[in-house]
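Protein chains: 4
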Amino acid sequence: MNDELEGHQVNTTTFRGLVPPVITPLTTDRQVDTASLERLVDRLITAGVDGLFALGSSGETVLLPDAARDLVLEVVIKTADGRVPVIAGAIEPATARVFERARQAERLGAHAIVTTAPFYVLVGPHEIERHFRTVAEAVELPLLAYDIPVCVRQKLSNELLLRLARDGVIAGVKDSSGDDVAFRQLLVDLRDAGVDDFAAFTGHEVMVDAMLLAGAAGSVPGLANVDPEGFVRLHRAVVSGDIAGARAEQERLTRLFKIVDAADPATAAGMTRGAGAFKTALQVLGVISTNAISLPLRPLDAAETARIHAILDSVGLI
Amino acid sequence: MNDELEGHQVNTTTFRGLVPPVITPLTTDRQVDTASLERLVDRLITAGVDGLFALGSSGETVLLPDAARDLVLEVVIKTADGRVPVIAGAIEPATARVFERARQAERLGAHAIVTTAPFYVLVGPHEIERHFRTVAEAVELPLLAYDIPVCVRQKLSNELLLRLARDGVIAGVKDSSGDDVAFRQLLVDLRDAGVDDFAAFTGHEVMVDAMLLAGAAGSVPGLANVDPEGFVRLHRAVVSGDIAGARAEQERLTRLFKIVDAADPATAAGMTRGAGAFKTALQVLGVISTNAISLPLRPLDAAETARIHAILDSVGLI
Amino acid sequence: MNDELEGHQVNTTTFRGLVPPVITPLTTDRQVDTASLERLVDRLITAGVDGLFALGSSGETVLLPDAARDLVLEVVIKTADGRVPVIAGAIEPATARVFERARQAERLGAHAIVTTAPFYVLVGPHEIERHFRTVAEAVELPLLAYDIPVCVRQKLSNELLLRLARDGVIAGVKDSSGDDVAFRQLLVDLRDAGVDDFAAFTGHEVMVDAMLLAGAAGSVPGLANVDPEGFVRLHRAVVSGDIAGARAEQERLTRLFKIVDAADPATAAGMTRGAGAFKTALQVLGVISTNAISLPLRPLDAAETARIHAILDSVGLI
Amino acid sequence: MNDELEGHQVNTTTFRGLVPPVITPLTTDRQVDTASLERLVDRLITAGVDGLFALGSSGETVLLPDAARDLVLEVVIKTADGRVPVIAGAIEPATARVFERARQAERLGAHAIVTTAPFYVLVGPHEIERHFRTVAEAVELPLLAYDIPVCVRQKLSNELLLRLARDGVIAGVKDSSGDDVAFRQLLVDLRDAGVDDFAAFTGHEVMVDAMLLAGAAGSVPGLANVDPEGFVRLHRAVVSGDIAGARAEQERLTRLFKIVDAADPATAAGMTRGAGAFKTALQVLGVISTNAISLPLRPLDAAETARIHAILDSVGLI
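Residue numbers (my numbering), protein chains in the order written: chain H, 934 to 1251; chain U, 934 to 1251; chain V, 934 to 1251; chain F, 934 to 1251.
The following block holds chain H by itself, in its conformation from the complex (with noise of 0.2 angstroms):
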């Protein structure tokens, strides 16, 4: 436990509510920019989330040396101070290497671990499984599972999540599966299954107002780096039951979330577009001091900023 966190009470068994993944700002010689990340962080908790998730997809993890790593999440662990807890990402392609960074997370006083399945490595259902009833019995925090297919090339069926849900294996799911089918199957069988505080997050920006109507545990939406006071109003209006609000802020939002067409599809592509249009905003808006991003993305150009900058204007951010 960091010494930090002394004295501050994080709920550390549940977890609930709107989570952001943290990017990860950088100087423009492409290092860690710490005061900026502090800005940031800040201004998440201030905007009224419930908790932080560092290191993951958008975070830049897997572009990430593992000392800058180790520098983000002390940053975020540091600045969040206890007041909301900081879920870790812990994303390598194969089990001995989650567990480095599991444990790590561990001892810079992260409250939960994120990991994905294997990744490269090819592998099936059955090395799945094992793989995180291995990376669960290595650490002692809980363990969120990442379903991420399009970055690991295989969805985690719900028939593997509600095992390890009903075995304790895991604690939650943060679900980038672009599958709301079966994201929506999963809610309901886990109520069938009695399975009641299970953390199951949507990662789709879009979808967050359906989700959380269909019982989904809260969001983790890359979009919230840029606007976490919408999302905090949109969790709000969900939970007084203002569903005609809630509709129209995420209609605001999704209108928000075009930010990721602005850079040129002539010239790039994926994350350039995705985390890449993230840190323009935040920079248009003052949150960080540069765009920069890891090789071999490129920071977005004046005239995708400009057009982030028109969107940003149009949904009342700036």
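I should point out that these hints are in silico values taken from the structure, not numbers from a laboratory. All the pointers check out, no bait thrown in.
It does not matter which identical chain is meant; a pair holds if it fits inside one copy or across any two.
Listed next, the in silico EDC-like pairs over lysine to aspartate or glutamate satisfying Cα-Cα at most 20 angstroms (straight line):
(1) Lys1011 to Asp966
(2) Lys1191 to Asp1122
(3) Lys1088 to Asp1112
(4) Lys1191 to Glu1092
(5) Lys1011 to Glu971
(6) Lys1011 to Asp999
On the provided structure of chain H, position chains U, V and F as indicated by the hints.
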């Protein structure tokens, strides 16, 4: 440059012939089994291979912690002792992490570096090209591209490979794409472009004769761990124009390759079946001490081992 | 126009609400079972559906010879008898063949045509757009696009759908893409573009409440063949603002949807499990006479039928 | 049996050698251009091909109405006049529709039938096997399997092909799978299983020499429409053991194959680029009258035609 290599003559600018991707023997507690690795490397060189590819996919590179990777590379380079060049995999999701592994391989005395397109992180053609160009600038050793879409999700286009080859960014390619049509076209394109010394290697065990006849520089077959002498005979038959002999040897090796079907598909998939079978065969042959394999893979069991034993027997290896 | 429809008032320009894709009952020798089809259609209309989609994927349209398709459409239109509009699938690999089926549907008295992107033939975005535009020019009835990448390999992009909607080429879309994120974005895009009367239907049984709340025009759930009254209740709950009631009904239907898992995965896949389960449930419920299905699919067996019986029982349908 | 064929001797039980998939010439209003088709067929037979495959993928079979398909088959069979066997595609999404096309091909005098796995309809291995077995029972002519996963989404496994071959269900396979590794393994498996007269054809234009050397029965290259004499020379070189000559001819044909890159990728994809290029080359060579192609494909334009002209020139065809 590693001290052990001083005084030895290794041609580090061209790579040709049979270059097996060396598997990584483990002890039963999943530590690098250096004694077995030394035996394996010695056996390969004695059989007549032209080079060694350490820390490739079959070498479990993405499953190993950095300390284990360093140890593997040290043992392979020390055991090779300059008799053949050692190509080292620097296989990480993105650029900065590849830098770290590539520089470490340089320090340890490797003769060339192999890297893939980025993985996990979503990228497009521009990001992939920037990745290879940036890595090539950062390392002094020759760089080879590893085309393995089944692991990284994207095929390297012939257009990109040709451009990188012409610009001197890459010195060769290991083709594990499964797309022999594209590889064949690449060989013609390279010739037409006047790129003469490009190391175009096929990674497909059962197509070595065809691809050597078509003009490939060599092969990188995982199965050569098990039967290096067979692959040496195959290469020599093609070079000497003994087409019928080459085909007969190729077909024998194609039958041997059925060891990758030995593991029970109901409980084993992907690399458990592939590298797991190579390791089990090498254990049966007495080359390595155990068929232990990194988590979350599992070693083949007794029934599966018996199937492999029978195949080894049928092709005359026992 | 079919004589039987004269004197009936069917609004053929807007399509909203619950429009089940009607399955095609067969006799044991795999001929269209017209008596069962009449019973099925009558039951759907009596339950309160707003329209019928004949000759869709669940209707086995691509498995039926043309004569059988004509018979199905005739029976559905005659039985509907103008009480609800009938939308007819014209689903063929490419344009000229779609013309033939669309014109036949016009002759037989359908109120709208549904077609997919081309399939089998390899095409890109330009060919897909030309396909929809040419078909729309060739038919007088409203044209709906059917977005079903799992069958045709390509998703219809929101950019294309929006352009076709604005240009009046298509009057709606049935979304069976599995990509609810894109569908949600489309709903917002349509509104922002001022396209008001576009029939955006979700085809996902377990997301009907969420998508109606998000502004979808209606749903086309295959499962409504089995429990039309449940889906009618669901639609009405959403329209009346009874969110809790809608969610409860949606979850009941999500449990019912588990009938598609009843067939043994060791010997049945894909449509055998889907349409095969719908047919078996309808046979158990006494609506159709057999659960026969077109070759190469197989009807569910006694053990599989027992599982479906138990599920029907558990949700109160028996 | 077609009357025209009486008195001619065609061996209908074995199929070997060069069997081009005949493209379907169209008039500018997209009707079958029978005069051009007769010239094309005559040119192929005069060049020395061993058989003809009518109504395959490059023949636009899934894009043509049934009446056009019948006309194509009649013209091909009548023009071949028993000089070489004619294999007819019966390519439809599912079994009953394949029956219809296969029986019509029998009536029109074809010598064998080719069919694919089901498409559009979702199926698994059991449904695919039932499809081939049921079709084979329903037709008297030899049945060949067409393995083309890029169009039907699933590869025919070697296990399935071998079982169907051993049971006499299929007389051969046209491999357009892109998976030459699997095809090579199949050739070895067939030999080991003692299946001697199986017609294993490669459909890959640039791998014909390699696959003939590996024991393939023949090739079905679309490009042979354009340069039948080149492919005849290639086949003869392999048969006569002139490996260097075969490779030189193969490389010339690989260069010619670049005509499929002539169409502008910004406005043309898939079959527009493939069959569209073959047709344009044949028009340039004066064999067919127009390069018209079925909707939604488009004919290549003047600039694209000029690129094809230059390639034809560079390989000595003009």
